[in-house]
Amino acid sequence: MHVKAGYGVVWLLLLALAGVILPAAAQDHEVRLTLERTACFGTCPMYTVTIYADGTVAYEGERFVEVTGTQTTMIDPAVVEKLVRIFDDAGYFSWEDEYTQQNVTDLPSVITSVTRDGETKRIVRYAGDDSAPLALPFLENWLDRIAGTAQWTGAGPSLPFFMSGGSPVISLERQPCFGMCPVYELVLYEDGTVVYLGFDHVKEVGVRITQGDAQAVTALANEMKIMGYFDWADAYTHRIVTDHATVITSLSWEGQFKRIERYDGDPDAPVGLVRIEDKIDRLADVSQWVVMP
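Residue numbers are given in this note's numbering: position 135 of the sequence shown equals residue 135, and the series is strictly consecutive.
Calculated from the structure, these hints are not laboratory results.
It is possible that part of the hints are untrue.
[What the hints assert, rightly or not] Below 20 angstroms or equal to it, Euclidean Cα-Cα: the simulated EDC-like pairs (lysine to aspartate or glutamate) are:
1) K121 - D89
2) K225 - D213
3) K258 - D285
4) K121 - E30
5) K279 - E140
6) K82 - D129
7) K258 - D234
Work out the full structure: start from the sequences and follow the hints.
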């Protein structure tokens, strides 16, 4: 009897422990974020990516991607929770469930979902619906970036087109270095809208959208053209000194588009290019989000 009673106690203890451990394990494998890019009338990449609480990233490639089928990788679980907070801070849970008005046809849709404290929000955004919050496509791109989908799709995210405010005119991206370099992106639109995305070593991590001066954007675009931006090389990446950051800028103006990658240490880069990068920072008033050197 004592032996049977002992087994009973052990069994109860095991049940109690299971009650503590199993839900935690299940919680670790809960879905936190998903992103799906659907078909368009063309060769738009079609795939789905799912990010779990434990940092598991599951990719499923369908069509027009370099890798089809299932692929998995891992990211830091802390990054997952940070990403959820970024979506939350941007207002994701207060937005509409659908933005599906087709002002322009034949474009893809993007479906995202985020789970916060047991609550799941799902948004369907047609790429041609200009009523969607501008922050939403940038958050979609951010999710792609964190998940590393470019290694399977073969394509990086493009700058979102803002139909009511015009196209993105100027962009700047400061990439990581071997140190504490601020990592962020800026996008300036025709109507003066400024989009900031802060990633690392910045005062503000997340997406911020402010209204700037449309005339100042136009003036800078014209200045870049006059300085010879469209005539410069596409890349200045000679590394005499290592461990510096790379800066990528772009200009879309008067029917021309140019993207320049500059390693901060290449002596062959035009001095004017460095000045342009600084002017973009100042025009966007980036010091409100980033500690500038």
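Now for the hints, and whether the structure bears them out:
1. K121 - D89: Since the Cα atoms of K121 and D89 sit roughly 14 angstroms apart, the hinted pair holds (cutoff 20 angstroms).
2. K225 - D213: The hint holds at about 19 angstroms.
3. K258 - D285: violated (23 angstroms)
4. K121 - E30: Cα-Cα ~14 angstroms, so holds.
5. K279 - E140: violated (28 angstroms)
6. K82 - D129: violated (28 angstroms)
7. K258 - D234: Holds, at about 8 angstroms.
In terms of the numbered hints stated before, the structure departs from hints 3, 5 and 6, listed from lowest to highest.
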